[in-house]
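Trainee: Take a look at the letters that make up each chain.
Protein chains: 2
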Amino acid sequence: MALVVQKYGGSSVADAQKIKNVAKRIADCKKKGDQVVVVVSAMGDTTDDLIQLAKTICSKPDKRELDVLLSTGEIVSSTLLAMCLTEMGCQSISLNGQQAGIQTDTAYSSARILKVEARRVKSELEKGNVVIVAGFQGITASLDITTLGRGGSDTTAVALAAALGAKVVGRYTDTEGVFTADPRVVPDAKPLSEISYEEMLELATYGSKVIHPRAVELGELYNIPILVASSFNDKPGTLIHGEVSMENRNKVRSVCHDLDIAKITVVGIPDRPGIASALFVPLAEAGLSVDTIVQNASVNNITDLTFTTTKGEFEKSMAVINPLAKSIGAKQVSADSKVGKVSIIGTGMQNTPGYAARMFNTLSKEGINILLISTSEIRITCIIAEDRVKDAVKALHKAFQLDQVKS
Amino acid sequence: MALVVQKYGGSSVADAQKIKNVAKRIADCKKKGDQVVVVVSAMGDTTDDLIQLAKTICSKPDKRELDVLLSTGEIVSSTLLAMCLTEMGCQSISLNGQQAGIQTDTAYSSARILKVEARRVKSELEKGNVVIVAGFQGITASLDITTLGRGGSDTTAVALAAALGAKVVGRYTDTEGVFTADPRVVPDAKPLSEISYEEMLELATYGSKVIHPRAVELGELYNIPILVASSFNDKPGTLIHGEVSMENRNKVRSVCHDLDIAKITVVGIPDRPGIASALFVPLAEAGLSVDTIVQNASVNNITDLTFTTTKGEFEKSMAVINPLAKSIGAKQVSADSKVGKVSIIGTGMQNTPGYAARMFNTLSKEGINILLISTSEIRITCIIAEDRVKDAVKALHKAFQLDQVKS
Chain A
0 MALVVQKYGG
10 SSVADAQKIK
20 NVAKRIADCK
30 KKGDQVVVVV
40 SAMGDTTDDL
50 IQLAKTICSK
60 PDKRELDVLL
70 STGEIVSSTL
80 LAMCLTEMGC
90 QSISLNGQQA
100 GIQTDTAYSS
110 ARILKVEARR
120 VKSELEKGNV
130 VIVAGFQGIT
140 ASLDITTLGR
150 GGSDTTAVAL
160 AAALGAKVVG
170 RYTDTEGVFT
180 ADPRVVPDAK
190 PLSEISYEEM
200 LELATYGSKV
210 IHPRAVELGE
220 LYNIPILVAS
230 SFNDKPGTLI
240 HGEVSMENRN
250 KVRSVCHDLD
260 IAKITVVGIP
270 DRPGIASALF
280 VPLAEAGLSV
290 DTIVQNASVN
300 NITDLTFTTT
310 KGEFEKSMAV
320 INPLAKSIGA
330 KQVSADSKVG
340 KVSIIGTGMQ
350 NTPGYAARMF
360 NTLSKEGINI
370 LLISTSEIRI
380 TCIIAEDRVK
390 DAVKALHKAF
400 QLDQVKS
Chain B
0 MALVVQKYGG
10 SSVADAQKIK
20 NVAKRIADCK
30 KKGDQVVVVV
40 SAMGDTTDDL
50 IQLAKTICSK
60 PDKRELDVLL
70 STGEIVSSTL
80 LAMCLTEMGC
90 QSISLNGQQA
100 GIQTDTAYSS
110 ARILKVEARR
120 VKSELEKGNV
130 VIVAGFQGIT
140 ASLDITTLGR
150 GGSDTTAVAL
160 AAALGAKVVG
170 RYTDTEGVFT
180 ADPRVVPDAK
190 PLSEISYEEM
200 LELATYGSKV
210 IHPRAVELGE
220 LYNIPILVAS
230 SFNDKPGTLI
240 HGEVSMENRN
250 KVRSVCHDLD
260 IAKITVVGIP
270 DRPGIASALF
280 VPLAEAGLSV
290 DTIVQNASVN
300 NITDLTFTTT
310 KGEFEKSMAV
320 INPLAKSIGA
330 KQVSADSKVG
340 KVSIIGTGMQ
350 NTPGYAARMF
360 NTLSKEGINI
370 LLISTSEIRI
380 TCIIAEDRVK
390 DAVKALHKAF
400 QLDQVKS
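So the protein sequences, as listed, match chains A and B. All letters in the first sequence, in the order written, are residues 0 to 406 by numbering that gives the first Met the number 0. All letters in the second sequence, in the order written, are residues 0 to 406 by numbering that gives the first Met the number 0.
Where hints are given, some of them may not hold.
Note that identical chains are pooled: a pair holds if it fits in a single copy or bridges any two copies.
[Unchecked claim] 27 angstroms max Cα-Cα, derived BS3-like pairs, lysine-lysine:
no.	residue 1	residue 2
1	Lys59	Lys126
2	Lys62	Lys17
3	Lys405	Lys17
4	Lys30	Lys59
5	Lys234	Lys30
6	Lys30	Lys54
Rather than coming from a laboratory, the hints here were simulated on the basis of the structure. Predicted, not measured: the structure shown is a model, and the values here were computed from it.
Please put together the full structure from these sequences, using the hints given.
Mentor: The structure is reproduced here in structure tokens:
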């Protein structure tokens, strides 16, 4: 008897019929004799709807209260799924974050899991129940409700799997796995059969919406493989794990992109220690998050500093940066909100020359100007004009022969 | 500094604007320097909507799961009200049933409160918070969520008031108080300034929808007056309490009616011990509740037994009763689903002759036939034809001079 942990996303439980379909999949799994724990997201757009509801009542909802409000979305879907399973003859019980023992810190809206006290889950499994856990939520030491931030249900599932000693987490949504590029941009993008934790972490951070990076981190930390697959068919999906085969390690695995980017450059700063903190500490204090940061080599003690932000935080970031730039003696602030980023990712790039050259060459041949470059050991990212991002993804997908990946 | 416990019904928090209005009332109360605890129902028709949602997924939702589902309605309204108050500058926190310490038995869908452990509520009050409690819900010893049944939020409010030692519960909905009759039937019905617990208990049980009987019982048990008033205006409302003035004690206080009644008579039963239990134990086991029961005096050891049920449970009750009637040797079962009941209520009836006579006489003059009579010390109820109930209410309201009550 194995212990199976599955997680179903909001699109998989979006309406009554979809909940019934998911229940059938779970019941089939249970029939094989396994113990089954299922983590669910809120139905469809429930979380967005609840945020909208809060905004009809107050302009800046209190964070603790907003977490209480949002936590109801997953409670509703978990209990509907449980009652559906029980009526199908598959004995089931729903547990909320507290009942499932998801203990977190007090960082409302982006709480971190401190510990999973899975006693109740285990006792319900021993009674023969399928245990349906409301994802995305936890409880503080003072019994206040927290949420784990967007994608938090993925994190709930991996944390529970770690606490219960499950061998793998099955994560089901409306996507069939991790692709060599976004299939909406590159029609012949191929699903990958496997990908490493570190590659997935870069993909998730640099534009792939398939799975939340924190869930991948946690999977890597506890060495729990995550199978990303569709809840609407039985295709094999993509296994995110640590032991990717040699053949797959030595390659670019995927091209990803992100259009939600704006670029801000502080030009002509007198170069001295403390410039970066003078700019970025106030941004952080204003709750604005900054992505890629690049500082040019200093010429005559004058340097330029460029960073990117999301389009949604662009205006606010400019309002913070403009007076700061003046105060540190910069010449001007230039900005471009019509940019995007494209990245190639693969452990094969590690210690292997030529990938960067091939990427730049491909973009050049397409007549695409590179505005900014950033790299990690297994990733190369270029910031380019927003309206050329899709062309870049297509060209890079072809240049790195990702259309020839066997799925 | 007084401690004020208020309860707002679903109609008072039905939408964003109404929640803002309620928040303003609460903030005004808090400004007077009082400590304020507020219990809320779910917004508008939320509870019905959630039941409908469950029914799209399964025909007979598991009771534990349904309670979890329904409990989210009050959590949503409590947290919206709390965030609204906090944004208005009136520091506030929402607590769910568990956090508010509402400990119940395990009778899902109609749980009874065993104890209120109000430590958290007290500590939040001491911090200066207005405490908004999600009504209608509690938690069992094994930390499972229960609901208290329809009208349960009233019970939550009175139980909290008892635990906190509050002097009175203010209960606000869209009605202005307890009336001498339903104002939709009798346009010159008058609001009562006060009414006794026992009178209100009879009224609530015999058709008045103003407040749930269990809340009144609890108010009487702990001697906590309940002020029933409107959240939409500042009219004085009705005080339900124990010390009703002499002048008001000596009268019929209100006429109430209920159209949701059906009547079943088992005719010609050989009279012997055990007949009643032979009929009513199986009904109870089928989850069917029975209201008024009348057994005629036995003639020649043959008796008739009549009882009423709701129209919704009429068909099911007939299905249970028909075979039973045969097995106990009854001649036949006659039934009438087109009946209703009308009652006059008042402690003044106690030990005072003439009220029954005046009631029967009034109905007779209106040409209304009485099908069944039942009485308590402070109530007389007649079952009559459904289509004459409103005529009866109007005539009785006039006959007992309730149109002359000073409000």
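Trainee: Are the hints correct? Go through all of them and say.
Mentor: Hint by hint, here is what the structure shows:
1. Proximity of lysine 59 and lysine 126 under a CA criterion of 27 angstroms is satisfied inter-copy only: 22 angstroms between copies versus 44 angstroms inside one chain copy.
2. In this assembly of identical chains, the alpha carbons of lysine 62 and lysine 17 lie at most 27 angstroms apart only when taken from different copies (22 angstroms versus 31 angstroms within one copy).
3. Proximity of lysine 405 to lysine 17 under the C-alpha cut-off of 27 angstroms is found in neither arrangement, the shortest distances being 31 angstroms within a copy and 59 angstroms between copies.
4. Taking the shortest alpha-carbon separations for lysine 30 and lysine 59, only the inter-copy value of 23 angstroms comes in at or below 27 angstroms, while the best intra-copy value is 48 angstroms.
5. For the identical chains of this complex, lysine 234 and lysine 30 are intra-copy neighbours only, at 20 angstroms inside a copy versus 62 angstroms across copies, given an alpha-carbon limit of 27 angstroms.
6. For the identical chains of this complex, lysine 30 and lysine 54 are inter-copy neighbours only, at 25 angstroms across copies versus 44 angstroms inside a copy, given an alpha-carbon limit of 27 angstroms.
The earlier numbered hint that this structure contradicts is number 3, and it is the only one.
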